[in-house]
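Visitor: Listed below, chain by chain, are the residues.
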Amino acid sequence: MLDDFFSRAIIGGIGVALVAGPLGCFIVWRRLAYFGDTLSHSALLGVALALLFEVNVTLAVFLVSVFVAFALLLLQRQATLSSDTLLGLLAHSALAIGLVVLAFMTWVRVDLMGFLFGDILATTKIDLGLIWFGGISVLGVLSIIWRELFAATVSLEVATAEGMKPERANAIFMILMAVVIAISMKIVGVLLITALLIIPAATARSFSRSPEQMAIIAVVFGITAVCFGLLGSLEWDTPAGPSIVVAALGLFISSFLPKVLSRKTKI
Amino acid sequence: MARKQNELIKLENAGVCRGGNWLVRGVTMNVSAGEIVTLIGPNGSGKSTTAKIALGVFDTDEGSAFCESNLRVSYVPQKLVVDWTLPLSVKRFLSLTNKVDEKEIRTALCSTETLHLINAEVRTLSGGEFQRVLLARAIASSPQFLVLDEPVQGVDFNGEIALYKLIEKIRNELNCGILLISHDLHVVMSTTDKVICLNGHVCCSGAPATVASNPEFKALFGERAAASLAFYEHSHDHEHLPDGSVKRGSEAMTRDFQATSKSLPMSQSRGTKRVGNKI
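Chains A and B, in that order, give the protein sequences. Using this note's numbering, read the first sequence as starting at 1029 and increasing by one per residue. Using this note's numbering, read the second sequence as starting at 45 and increasing by one per residue.
Here chain B stands alone, though its shape is the one from the complex (with noise of 0.2 Å):
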């Protein structure tokens, strides 16, 4: 398999099936260093199933994935409970899978706004401040891929903004890339450089401005959707706007895809009576 570089990983044409369903299919994707990649869809679309491919969670069924090998990865899962019986406080927590001293723990915490935490028992904590505190472990040990999925449900308005300028933060210090999944279409928009809209396949791909202006991604989540995205695109017209290049070969994707989604009647009507469902 060809690949770039700095590409951290990559998946070609992967599917995952389970009890004789695809959950997802068809999915060609790869995440650099320093690039933050963002999954959106409907719920169901396979979005937690993409990632968990990407870590090497899920086994391909089809195609194939790739990882650098060495790769210090952190996941910040979409649920994570913490039973009850565990006395478990969030300084320990943050060094869950790796070590981390002290200073690294202090670090993290402070910059999700959670030191006050530190001895805490985990059970004890608030939806919001939990997903603070998963987001604060995840950083901890300075990793070079990270996957977020929904890392800020629950948190306050004033937080989300903050929590998702501390994700661009993150990337731009540790260089490290990055794979989000999140509803928060408007955000996202702005600090992602690559957009996968998914619906049990690959929708389309390319810069944020590229699928906010294509048909499948409007027939997804409707014209309003795409119009506020569109808006807000281009009033940071200076900031994103996508050059040629990068438009002809998401465009070459998606004509690919468009040919994949054909091949496979029952994900297409699926994802259509949720688009209805939906609307």
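Pulled out of the complex, with its shape left as it was, chain A reads as follows (with noise of 0.2 Å):
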């Protein structure tokens, strides 16, 4: 069945569905969709110095993410900008850091499509490991933190106030979002991994109530999108990443069709 592209290219996207809706559910809570943007987006420099100095992509790139998140809380500890304007510096130039480094690299040819929309019909038996080892992982390390995560969501404060170690809870997740940028940019390219981990969580908002309801909703929607979206993409001819997105806002829009119909029926 591995053989098949069609089946790989599935197999790799429910992978990155599985780790998105519950990271996504975070992403969501505590109002992070710019930082993910911001790791995707370095994600690029992470490509860049992976062909210069030919290691693994996958690995320079959660690096990368690791290494600009922590700048992040660095800076907000030392400098006195706001959160959203260090974000916006730390995205943009990174971005661009990467993409002078890959001009300087004339001998390299690189399809910069194919890392910023994602290449999910080239998704290969390694990287099909990759993710679904990786995934794994973070569930795992996820559902060890998430009680203290979760606490820390609702109240810094108060978490740290009734003994549990908030900002511990906040550097792992921090790596976490690494990992999943660094596995799922060949899915969804960097530019469209905020979209998978942000529109099933906001699907699934209205469905939840309670957040590990919200989490598991959000993984079904997630899987959902990436089957349709595949499908589409086979049918049209459309690329992969961005037919992925556009089924999730499909199923973000029909989710409102309940409320609407029953308010009708109301009048």
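Heads up, a few of these hints could be off.
Below, computed lysine to aspartate or glutamate pairings styled on EDC-like, alpha-carbon distance capped at 16 Å [to be verified]:
hint	chain 1	residue 1	chain 2	residue 2
1	B	K213	B	E157
2	B	K135	A	E1240
3	B	K135	B	E165
4	B	K135	B	E157
5	B	K123	A	D1032
6	B	K209	B	E165
7	B	K143	A	E1176
8	B	K209	B	D228
9	B	K213	B	D200
10	A	K1193	B	D103
11	B	K209	B	D237
12	A	K1153	A	D1032
To be clear, the hints were calculated from the coordinates, so they are not data collected in a lab.
Starting from two chains that each stand alone, build the complex the way the hints lay out.
Guide: Here you go:
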């Protein structure tokens, strides 16, 4: 089954949706959408450095993302600028440095579009292994820190006061984000990773009564979007990454239908 | 640092500095098991900051803070906004930091008269309801040390008295130490063992009656507040008359802090200005 490129794409996409759901919920709850963007934009710098030093692209992207995340933490403590300014500064500087480095390497021909929008149909067996191994590790760690991370999301002070270590949970969360960006870059591309994190979680919100439920529903919507997106991409010959995001958006919009319909029947 | 047997937390000359300003400075206090200590003072006098030092949320920039190890702590913050993107039921909220079983959740909600809200979403609660749920959350885990930062804000008049009674009952049942921040001088004074009056530093401290008769307290809150307090104390002489030794201790403390406040012309002048505004 894994010999068929389309099956590999589906399995890879499902692997990414599995981790994107729960992490996406935290992005939504903590209002970190722009943080996700920053990490994914700086992924391009990771790509450039990987090509320069001839190392594994996923590993380089992960390391650069971790570096950027902790640079942000450090800047937030030192600088007197607001978080969104710092995020913009880091995101676009990293993106620009990445592009400049790529331009210097005249000997490599890079398919920039592949990195920007993903190349899910070229997913290899090694990619699949990386996605599933990375994904399951992320879910494992997340389940360990879940209670602490959630308490810190509700109130950092209460969590600290009542004997938790929310700062540590926050740092681990940043590393998990970096892993997810690194492994999902192949599937949706750096420009659209945040969409895959946020849209399923946002869709899940109105159907959920508890945080855990929201994480699971987000996973279900994510997987559905991946399947519909890929089928659509195959049918109409559209780029895979954007098609998945469009499918996710379609789910989000249709999640309003029950409400709209019930309002009409009332009138 | 020498300390008594059942002391839960102890601050010694503790101060926190942010951006070059001392939020609070020279705070010496302790809370023992079974004791209710109340912090009073005008806005911006460092009450919440002092509570956060005691909780370990803020590290001290000066002096020291000691906390009994493995203490079960509960905290009702002055302000807590649950983001509307969070699907969070009251029941789940009660086990936010500690796993508590269904029975404990029900008992806690029952005692704050919010059992009917058990399955409600936290963001749909009114201000007063949320405040009751916050208190329920704090007591559900049977804490040994409880910090309540204005726990009855927004609660209706009858509820306020009931909740203060509840706080006293919790103290008696769990024998926990309670650090309370409140503006309701009348009610608070009747349930409190020790009052600490803050204004960027400790103005005066001791048993309620001692503090009420302190000139610095009068200067800060006005003669009328002191009079109503003293009147209140007088009518409850039989319950709360401080014995001689306590009085001597607090007088010694007060002298100490007067000395400290002299070395802090900035905070002193800030204090006077605010008092001027208040009166």
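Visitor: So, for every hint listed, does it hold in this structure?
Guide: For each hint, the structure was consulted:
1. B:K213 x B:E157: holds, 15 Å
2. B:K135 x A:E1240: Measuring from Cα to Cα gives roughly 14 Å; hence the hint holds.
3. B:K135 x B:E165: holds, 9 Å
4. B:K135 x B:E157: holds, 14 Å
5. B:K123 x A:D1032: violated, 56 Å
6. B:K209 x B:E165: violated, 27 Å
7. B:K143 x A:E1176: holds, 12 Å
8. B:K209 x B:D228: holds, 13 Å
9. B:K213 x B:D200: Violated, at roughly 20 Å.
10. A:K1193 x B:D103: holds, 15 Å
11. B:K209 x B:D237: holds, 14 Å
12. A:K1153 x A:D1032: With a Cα-Cα distance of about 10 Å, the restraint between K1153 (chain A) and D1032 (chain A) holds, given a limit of 16 Å.
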